[in-house]
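S.K.: Chains as they are written, first to last, in the numbering used here: chain U, 1 to 353; chain Z, 1 to 127.
Hints were generated in silico from the structure; no laboratory data involved. Beta carbons are placed, not taken as given, at the ideal position from N, Cα and C, and that holds for glycine. The reader is advised that the hints may include incorrect statements.
As the list claims (entries may be wrong) - Just a sample of chain Z residues kept apart from chain U, beta carbon distances all over 12 Å, derived: (1) MET1; (2) LEU34; (3) ASN90; (4) ASN106.
What the hints assert, rightly or not - Below, simulated SDA-like cross-link-like pairs (lysine to any residue); rule was C-alpha separation at most 25 Å, straight line: (5) LYS304(U) - LYS10(Z); (6) LYS304(U) - PRO86(Z); (7) LYS44(Z) - LYS350(U); (8) LYS85(Z) - THR301(U); (9) LYS101(Z) - ARG274(U); (10) LYS218(U) - THR83(Z); (11) LYS304(U) - THR83(Z); (12) LYS10(Z) - THR301(U); (13) LYS85(Z) - MET9(U); (14) LYS10(Z) - GLY15(U); (15) LYS304(U) - LYS101(Z).
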Amino acid sequence: MVDFGGWDMPVQYSGIIDEHNAVRNGVGIFDVSHMGEIEIRGPEAAKLADFVTTNHAGKLKIGQAHYSGLLYPHGGFVDDILVHKVAEDHFFLCVNAANQEKDHEHIVAHNRFDAQVEFASERYAQIALQGPKARATLQKMTPVDLSAIKYYWFTDGAVSGVPARIAHTGYTGEDGFEIYVPPAEAERLWNEAISAGAEFGIKPCGLGARNTLRLEAKMALYGHEIDASISPLEADLAWIVKFDKGDFVGRDALLKQEEKGLTRTLVGFEMCGRGIGRDGYEVYLDGAPAGWVTSGSPSPTLCKNIGLCYLPVGQAQADPDIDKTIGKTIQIMIRNQPVDAITVATPFYKRAK
Amino acid sequence: MYPENYRYTKEHEWVLVEGDTGTIGITDHAQEELGDIVYVDLPKVGAAIEQGKSLGSVESVKAVSDIYSPVSGEVKEINANLTDKPESLNSDPHGAAWLVKLKLSNPAEAQSLMTAAEYQAYIGAEK
């Protein structure tokens, strides 16, 4: 067990590789109750949601969700979040455990609208079922027709008789669902999911597999790819920034950054030499220090050692072509030894549709 | 589980002393905590090793960990099988997946280490 944002959580149950493969090939179950929840309600809920997030919350349909960012005025991340539109006057945010208090304070501080912000983490536990057999597993536990829930949509319904929010979302690069339930019911739901998934070889998965799965899918992890010093443009997350929706916190800083041109960008790499480029290791380009590794790990699916790092881009490029940084040999300092790696296209893994 | 004729460290290494030879490995508890092991870095034959100093490292999917030598001496032999089969450290850490054999400079050093019973009490208390 490790302390993770104040929660005792297992890094692994049966082993990271075993759990990882269960999600890629069958189904895995994650207790992600540590994740935080914030609710925004009121006649101007959409206005507040759009003012504090980067993606266009006002464009969501009821029952739809998207990935988004909360930014500081200087353009760095407060957090990366999921925004769900429950009703015209109700948005449900899923946020990182370690950031939830500051997220709440940040949204409250920018609330100059007719909207209420509720810190709701105590009311929700979250269980994620991920993998090609996640739907078949969950379908045995609910009368809701899961095939009718499109990717990044959600619905409220009963799971094992428990009122739940069933979201077709995930953090693994695999098909799957994230289920929000009252904490008192979480243990029973977990146990019933283990039984329902037994025929598909369901495996409980810990933080270790969660990390290798999300890394292969190139999904950002706060404190690694993104933090207060990194903007979504640098993190290759321009797709969650909607400048045309109107003003939002961080917009001016991002526009300036775009105008001046980015100086660094997030790039994937594969190790060529023996070793694993891990978080925080220095990256050398043409013999000089050039950046740092944000995440690195063996990839159980690809059987290679992969990672993400920040590297410089041409200073004057308004629209940096990330492809220019692909196929470049870099060196990663692994315990004071430079080891060759090559930059590659991402995501490292994409599931077959 | 933990052989009676081995001695153990707080950093989860073991040593088996036979005459002036010390065979060193990591404990079953260590491999379980590390999880799937993917690399093992060992010293060169002939290297001088000091008790309590780094002998090399093991790397799992999760993290890199130093191996601290339970005893002092000169590296006589390294377990070359571990280069190709690092995962054997997960399956047989007290046997086939030993790490190095040292020519001990002071075989009595091992007496200061934990016995199997003491080590089991130690990891029991750590949990």
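S.K.: Does each hint hold? Answer for all of them.
M.R.: Checked hints:
no.	hint	result
1	MET1	holds, 19 Å
2	LEU34	violated, 10 Å
3	ASN90	violated, 8 Å
4	ASN106	holds, 29 Å
5	LYS304(U) - LYS10(Z)	violated, 33 Å
6	LYS304(U) - PRO86(Z)	holds, 15 Å
7	LYS44(Z) - LYS350(U)	violated, 41 Å
8	LYS85(Z) - THR301(U)	holds, 19 Å
9	LYS101(Z) - ARG274(U)	holds, 24 Å
10	LYS218(U) - THR83(Z)	violated, 29 Å
11	LYS304(U) - THR83(Z)	holds, 16 Å
12	LYS10(Z) - THR301(U)	violated, 35 Å
13	LYS85(Z) - MET9(U)	violated, 30 Å
14	LYS10(Z) - GLY15(U)	holds, 24 Å
15	LYS304(U) - LYS101(Z)	violated, 31 Å
Hints 2, 3, 5, 7, 10, 12, 13 and 15, counting from the list given before, are not met by this structure.
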